[in-house]
Structure formats: structure tokens, C-alpha cells
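K.L.:
Sequence:
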Amino acid sequence: DVYWSAGVQRTSVTLTITDSTLAQPLGDKILSLVSDILAPNTFTQTIAVFSEARKNEIYSALRPEVRRMGLVDSKESTWMVLHGLIQKFLHIVVMFSTTRSNSWTNWVMSYPNLLSRMTILYDGVTPPER
-14 DVYWSAGVQR TSVTLTITDS TLAQPLGDKI LSLVSDILAP NTFTQTIAVF
36 SEARKNEIYS ALRPEVRRMG LVDSKESTWM VLHGLIQKFL HIVVMFSTTR
86 SNSWTNWVMS YPNLLSRMTI LYDGVTPPER
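Taking my numbering, the leading residue of the sequence shown gets -14, the next gets one more, and so forth.
Take the hints with a grain of salt, since some may be wrong.
Only pairs whose alpha carbons sit at most 25 Å apart, straight line, appear in this in silico PhoX-like list of lysine-lysine [as the list claims (entries may be wrong)]:
no., residue 1, residue 2
1, 73, 40
2, 14, 40
3, 60, 73
4, 40, 60
5, 14, 73
Label-pair distances were calculated between CB atoms; the ranges are [stated by the list, open to error]:
no., residue 1, residue 2, range
6, 10, 55, 42 to 50 Å
7, 52, 94, 37 to 45 Å
8, 54, 13, 33 to 41 Å
9, 42, 69, 17 to 25 Å
10, 78, 46, 21 to 29 Å
What the hints contain is simulated information worked out from the structure, not anything from laboratory work.
In this text, a Cβ means the ideal position worked out from N, Cα and C, and glycines have one as well.
From just these sequences and the hints, can you work out the full model?
P.N.:
Below you can see the structure in the form of C-alpha cells.
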């Protein structure tokens, strides 16, 4: 699980998204989940993706970190720490062909949190400015 690796295990994780991913039925759902996680101060979206059992594991794993940081020992503080760690260790790379992707502008406008946190690799001519 990408969020567990990045947030709890503190492992750098690169999520690669291609134009073929965007074309899949779940493409928008995937982008929405990742975008919500990367949004500033939205740890409520971060915890929503985990089951209750997994939330308890995360709480137990990060509780010492919360205490070490001098934060109030609470689940809310734990989720804020998790959110920050995910933002630090999750890297997004988007690869697509500008000649095949007509919806680049729409996609960027729909997921501004991704745009601010990703590396873009173009295959083809750069789209014209609007």
C-alpha cells in the first residue's frame, strides 16, 4: 500500500501515472484519491482510505513520533503526522503523450494538488499555451 509505505515506513515511493491510466475507468478515481492526499491540511481524506484495523496499526506505529515531536498524544495529531509524512515521501511522476492526450488542460485544472507536487514528462510537442 502506497500510503503505508510512504507515511508509516517512511519509504520514498514514486507513483507513475500514464495517459493510459487516465483512460481507464478508475483513472479519475485514482487521481482524485492521490490529489486529496496531497492537498494541504486535509488529513481527514488521508484517514478515509484506511480500514479501522489499519487506522489502529497506524496510530500505534506513529504514536511515538507524535510524542517525540511534542504534539498532543491524540489520533488527530497522529493523522496530521501521517499526512505530512505521506506528502514528504510520496512522489508523483506523470508521463503522457501530448499528441494523444487532448484533455491535458482539463486534467490539470481538475487536480491542482497533483500539479503542484508532480514531475511531468512529455512525449511529443509541448501543448500550446492558452
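K.L.:
Each hint: holds or not?
P.N.:
Status of each hint after checking the structure:
1. Distance hint between residue 73 and residue 40 is fulfilled; the C-alpha atoms sit about 20 Å from each other, no more than 25 Å.
2. Under the criterion of a C-alpha separation no larger than 25 Å, the hint pairing residue 14 with residue 40 is consistent with the structure, at around 22 Å.
3. Taking the CA atoms of residue 60 and residue 73, the gap is near 20 Å; set against the 25 Å cutoff, the hint holds.
4. The suggested pairing of residue 40 with residue 60 holds, with an alpha-carbon distance near 9 Å, which does not exceed 25 Å.
5. The hinted pair formed by residue 14 and residue 73 meets the criterion: a straight-line CA distance of about 22 Å does not exceed 25 Å.
6. Against the hinted window of 42 to 50 Å, the Cβ-Cβ separation of residue 10 and residue 55 comes to about 45 Å, which satisfies the hint.
7. For the hinted restraint 37 to 45 Å between residue 52 and residue 94, the CB-CB distance of approximately 41 Å keeps it satisfied.
8. At about 35 Å, the CB distance of residue 54 to residue 13 agrees with the hint of 33 to 41 Å.
9. Remark: the range hint 17 to 25 Å for residue 42 to residue 69 is upheld by a beta-carbon distance near 18 Å.
10. Against the hinted window of 21 to 29 Å, the Cβ-Cβ separation of residue 78 and residue 46 comes to about 27 Å, which satisfies the hint.
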